[in-house]
Amino acid sequence: MTSPLLRRFRIVFSTIIFIFFFLAFVDFKSLFPVKYLNILTSLQFIPSIMKFFDLRTLATGGFIGILLLTLITGRTYCSFLCPLGIAQDVTSRIGGRIKKKFRRYGFKKPFTILRYSILAITVIVTLVWGIYMITLLDPYSVFARSMTYFIKPVVIYLNNFIAGILGKFDVYTLSNVPVKSFPLIVYSIPAAFFLLVGGLSLTKGRLYCNMFCPVGTLLGLISKISLFRIKFDEATCTRCGRCAIRCKSSCIDFLKPNVDISRCVSCFNCIHTCPEKAMSYGIAGTKKKVHETDESKRKIIIGSLLLLFGLSRVASGQNKTAPKPKKDSTVKEKKTHPVCPPGGVSIADFNIDCIACSLCINICPNGVLQPSYKQYGIAGMMQPVMDYHKSFCTYNCTKCTEICPTNALHPLVLEAKKLTQLGKANFIKDNCIVNTERTSCGACSESCPTKAVHMIPFEGNLVIPEVTEDICIGCGHCEFACPTVPYKAIFVNGNEVHVAAKKPANIESDMKTPVEFPF
Amino acid sequence: MKRRDFFRTSIGGGLAAGAAIKMGGFEKLWKAPAAGAKYDMVAVMGGNPDAMFDLGIQELGGMGTFVQKGQKVLIKPNIGWDVIPELAANTNPLLVKRIIEHCFKAGAKEVYVFDHTCDNWVNCYSNSGIEKAAKSAGAKVVSGNSESYYQEIEIPGGIKLQKAKVHQLLLEADVFINVPVLKDHSSTRMTCCLKNSMGLVWDRGYWHSNNLNQCIADYALYEKKPALNVIDCYNVMVKHGPQGVSKEDIVSMKSQILTTDWVAGDAAAAKMLGVPVEKIEYIPIANKMGLGNMNLDALNIKRIKM
Chain A
1 MTSPLLRRFR IVFSTIIFIF FFLAFVDFKS LFPVKYLNIL TSLQFIPSIM
51 KFFDLRTLAT GGFIGILLLT LITGRTYCSF LCPLGIAQDV TSRIGGRIKK
101 KFRRYGFKKP FTILRYSILA ITVIVTLVWG IYMITLLDPY SVFARSMTYF
151 IKPVVIYLNN FIAGILGKFD VYTLSNVPVK SFPLIVYSIP AAFFLLVGGL
201 SLTKGRLYCN MFCPVGTLLG LISKISLFRI KFDEATCTRC GRCAIRCKSS
251 CIDFLKPNVD ISRCVSCFNC IHTCPEKAMS YGIAGTKKKV HETDESKRKI
301 IIGSLLLLFG LSRVASGQNK TAPKPKKDST VKEKKTHPVC PPGGVSIADF
351 NIDCIACSLC INICPNGVLQ PSYKQYGIAG MMQPVMDYHK SFCTYNCTKC
401 TEICPTNALH PLVLEAKKLT QLGKANFIKD NCIVNTERTS CGACSESCPT
451 KAVHMIPFEG NLVIPEVTED ICIGCGHCEF ACPTVPYKAI FVNGNEVHVA
501 AKKPANIESD MKTPVEFPF
Chain B
1001 MKRRDFFRTS IGGGLAAGAA IKMGGFEKLW KAPAAGAKYD MVAVMGGNPD
1051 AMFDLGIQEL GGMGTFVQKG QKVLIKPNIG WDVIPELAAN TNPLLVKRII
1101 EHCFKAGAKE VYVFDHTCDN WVNCYSNSGI EKAAKSAGAK VVSGNSESYY
1151 QEIEIPGGIK LQKAKVHQLL LEADVFINVP VLKDHSSTRM TCCLKNSMGL
1201 VWDRGYWHSN NLNQCIADYA LYEKKPALNV IDCYNVMVKH GPQGVSKEDI
1251 VSMKSQILTT DWVAGDAAAA KMLGVPVEKI EYIPIANKMG LGNMNLDALN
1301 IKRIKM
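As they're listed, the protein sequences go chains A and B.
One point on numbering: in this note's numbering, the residue at position 519 of the first sequence is 519, and numbering is uninterrupted.
If you want this note's numbering, it's the position in the second sequence, counting the first as 1, plus 1000.
Careful: at least some of the hints might be erroneous.
[Unchecked claim] To spell it out: a stretch of chain A is covered by chain B in this simulated footprint if at least three of its residues, at any positions, have a beta carbon under 8 Å from a beta carbon of chain B; those stretches are:
| hint | segment |
| --- | --- |
| 1 | 446-456 |
| 2 | 502-508 |
[Unchecked claim] Calculated cross-link-like contacts (lysine-lysine; reagent style DSS-like; alpha-carbon spacing at most 30 Å):
| hint | chain 1 | residue 1 | chain 2 | residue 2 |
| --- | --- | --- | --- | --- |
| 3 | B | LYS1279 | A | LYS512 |
| 4 | A | LYS29 | B | LYS1160 |
| 5 | B | LYS1160 | A | LYS327 |
| 6 | B | LYS1165 | B | LYS1279 |
Worth flagging that the hints you see were computed from the coordinates, not collected in a lab.
We treat Cβ as the ideally placed atom computed from N, Cα and C, and that holds for glycine.
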């Protein structure tokens, strides 16, 4: 096949996939249907493998499909389905607009030792210790984190800017949405990868995919025996080198001529650019070279990234204008375990399965899921943890459990989630306003959806909180609502293993429907 | 400076004209809201929320007593919880809808509805049924859960609460109608008219940590008082308030109280709930501060049974 439609088809297809991913990840109003999101993520290689080994059902075997696809068509996954790959194509295009040099790639030698070492280390580390390397390098997760940490806040700012203008004209179709920032340290890894992948793709095409990405390397190995591939017609080829210059993977050596099929991502740019129609996509293969050393101009990239980074910092100033109560609380909360999200089953189970893609963090309507920085230890960095100082878990919501692409969070039906105890509320009387100020408060009990936190008589007309542990589900609304600083008077200590909470018993009131006004 | 110029030239004139009209009615609106009302309080029993309101507002001389042509009205229901209407943690949507319709009939230019919710606001607005009901009646439903909407105001004479950040719509509206739902409350024993104003402000935590009952009463000093309070006592959460656990917490009372005096409204509501007024500390405090009259015997009350 030498049709230019191949490239066009790739562009249209990947654009659609990318738009879906983009919308899903900037969707701050929970408009994107969960089931479509699940279809998107089920076609992601690493999440699908993770889910398969957790559930062992054929329905979770998206990665098998990807392997077969690679066997037949080569690394089409990288160009058609991988959101990070498509995002790189977008930045490459932008790079090409900025500077001519950035769109002239040319053949480069493969980083053979580096890429296979990374693949080998990833596999070994994963099998022996855990998923840390995958968490770090999985292209889907790298993309997802970039969206959650850097792009979504920008979109929300844009929304707020427009909402502000509309508000001036008395139009309230858009609402101001507070941007919630994360602890600064968890930005480090996503920022490093955002800069790395962004910078490389802006100036050098698909270098991340062919240097670091373990999925790319693995699929590259398989594509060496793929049925369909890019090949030369040596007779018609004039060795003009246009194909090599347009090759984002820098894998066409036009002098030989040869295509390094392990790096080729089937973007079909070469076919499109060849004036002699000497390049084609079909069964079996052939060969080709140009060398260019690119000097990248990094100011623009770094400048714009700093802007993104800076914006999310500005956001952190947004939600802390609360005036303080007159006395500081004195007793430190003794949290022995972090609170792991619903569906996580146990902290240990969850830590093994979560690749920290941040999808749940992104989708949580309350923003209670926060990337951890020390709660799970250094190995669990960026995995979601419930942060009840920031927010609380909405009683009527199971979103995070429904969308987890690796099944680190098992799906929970609402009734089950309402009875899943993530942790238990602990009351610290010495911090409580009712005790220290002798005035009423009850913010915790007011918020409690099960009334595990309820008020009992204290002094005079005052009432003070008490916790019934077995009906507490650890949603953290009490901790969030408690107004004491710096330590809360009520906090949720995580359960190492989630357990079933008792259903709150309730009896009919003996009050009757009135027949006369009592006044 | 370009934007400023733009605003000045394009809508400056319009704004000035609008403001002049508003200022004319200012005194009447905020200082003597019940000028035309025959009763201090109308209590209705035995009908649906919308039908009871129709009757109650008629006894008060119709919505025209409170809303003048061209005015902007803020309706503040309780939408605090992500709970379905049957569990009565939020104001009845039918009632909210009917009040809005009356406002427009009286010539209101705009009607706004918002609450600073406790649960996730998007869920509260939709699951309470209020967003849909209010929009269908033509009101603008606005978020109350972003600090950017709030502006600082002074409360002269407040003992614990001298400053608060209130929603800009409260400042912009010409008429404020308070539409609480009567409920049991875990710490203050009852939530109704006065306590409903906690959904008008941004920083409730400050109230909780600085003598909640005094702050609730203090806030009632603020000049933008409700022209009318409509208390939803259709289904009343008599325990496990203010959120409720299940339908066992609800008693059907099929009642409604309309009053221009929110302290009196709370005193009447306390009787409905069967709690001694003195137990609900903010009521006697507000009464003592002269913010209303909790002595129901001194009021002209119209009681209607449908």
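Now the hints, each set against the structure:
For the segment 446-456 of chain A, the stated coverage by chain B holds: 8 residues have a C-beta nearer than 8 Å to a C-beta of that chain, and at least 3 were required. Counting residues of the segment 502-508 of chain A whose beta carbon lies closer than 8 Å to any beta carbon of chain B gives 4, which reaches the threshold of three, so the coverage claim holds. Pair hint LYS1279 (chain B) plus LYS512 (chain A) holds up; C-alpha atoms about 21 Å apart against a cutoff of 30 Å. A threshold of 30 Å between alpha carbons decides the hint, and for LYS29 (chain A) with LYS1160 (chain B) the separation of about 37 Å lies outside it, so the pair is violated.
Distance restraint check for LYS1160 (chain B) and LYS327 (chain A): the Cα-Cα separation of roughly 14 Å lies within the 30 Å cut-off, and the hinted pair is therefore satisfied. Restraint check: the Cα-Cα separation between LYS1165 (chain B) and LYS1279 (chain B) comes to about 28 Å, which is no more than 30 Å; the hinted pair holds.
In this structure, only the earlier hint numbered 4 is contradicted, and the remaining ones agree with it.
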